[in-house]
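Enquirer: Sequence:
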Amino acid sequence: MKNIILASQSPRRKMLLEWAEVPFEVVVKATDENYPRELAVEEVPVYIAREKALQVQAHLRDSYHGQYEGRPILAADTVVVLGEEVIGKPVNRRDAIEILMRLAGREHRVITGVVILHAAGETSFQDITTVRFHPLTEEQISFYVDKYQPFDKAGAYAIQEWIGVVGIESIQGDFYNVMGLPVSRVVQALTQLDLQ
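Each residue of the sequence shown is one higher than the one before, starting from 1 at the first, in my numbering.
These are computed hints drawn from the structure, not numbers from a lab. Please read all numbers here as calculations on a predicted model, not as lab measurements. From the three backbone atoms N, C-alpha and C, an ideal C-beta is built for every residue, glycine too. One thing to keep in mind: the hints can contain errors.
Claimed, not checked - Cβ pair distances, simulated, as ranges:
#: 1; residue 1: A20; residue 2: D152; range: 17 to 25 Å
#: 2; residue 1: P135; residue 2: E18; range: 33 to 41 Å
#: 3; residue 1: D146; residue 2: H65; range: 43 to 51 Å
Starting from the given sequences, assemble the full structure and let the hints guide the process.
Expert: In C-alpha cells:
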C-alpha cells in the first residue's frame with residue numbers, strides 16, 4: 001500500500017492506521033472548522049475533512065515543490081449529532097458535563113467524514129454509528145470529565161475510555177468510527193486506489 005499523508009494530529013486516528021498497518025506520515029495545517037449552516041448534518045464532517053485535506057495539499061504543493069506528488073492525503077472529521085444538532089468539542093469543564101448530561105440515557109449518532117485526495121481526484125464518504133448511553137449521574141459524569149479531560153473530543157467523550165466501558169448501553173455500527181476513523185472502510189478505499 002502507498003505511503004499516505006495523514007492530515008490529522010489525532011492520536012486515535014494514528015493508532016488505528018498503525019493497527020491496520022497502513023504506512024503514513026502526519027502533515028497538518030490549521031483549518032477553520034466552521035461550515036455552511038445549510039449543510040445536512042451528515043455532510044458536515046465531510047466538508048470539514050475536505051477543508052483539512054485541501055489545506056495540507058496546498059501546503060505540500062507550495063512548500064515541497066512536488067516532493068509529495070501522487071501521495072494520497074487522508075483527512076477525517078468526527079461529529080456527534082443529537083437529534084439534528086451537531087455537538088462539537090466542549091469549551092470547558094462545565095460545557096463537557098452539560099453535553100454528557102444531555103447524551104445520558106439517550107441515543108445519538110457519531111458521524112465521521114473521510115476525504116482522500118489522490119491523483120485521480122477525491123474519494124469521500126461518511127460513516128454513521130448509533131450510540132446509546134445508559135442513564136448516568138452527574139457525579140459519574142463529573143468523575144469522567146475531571147479524570148479524563150475530554151475537551152478535545154466531539155461530544156465530550158471517548159468510547160475507549162472509562163465512560164465508554166461503563167456508560168454505553170448499545171452501539172450499532174463501526175466501533176472504530178466512534179474512535180474517529182472507520183478504519184476498515186478507509187483500508188478498502190486505499191486498496192481500491194492501489195489497484196487503479
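Enquirer: Hints first: check each against the structure and report whether it holds.
Expert: So, going through the hints one by one against the coordinates:
The hint said 17 to 25 Å for the Cβ distance between A20 and D152, and at roughly 22 Å that hint holds. The given range of 33 to 41 Å is respected by P135 and E18, whose C-beta atoms sit roughly 36 Å from each other. Taken as a hint, the range 43 to 51 Å holds for the pair D146 and H65, whose Cβ atoms sit roughly 48 Å apart.
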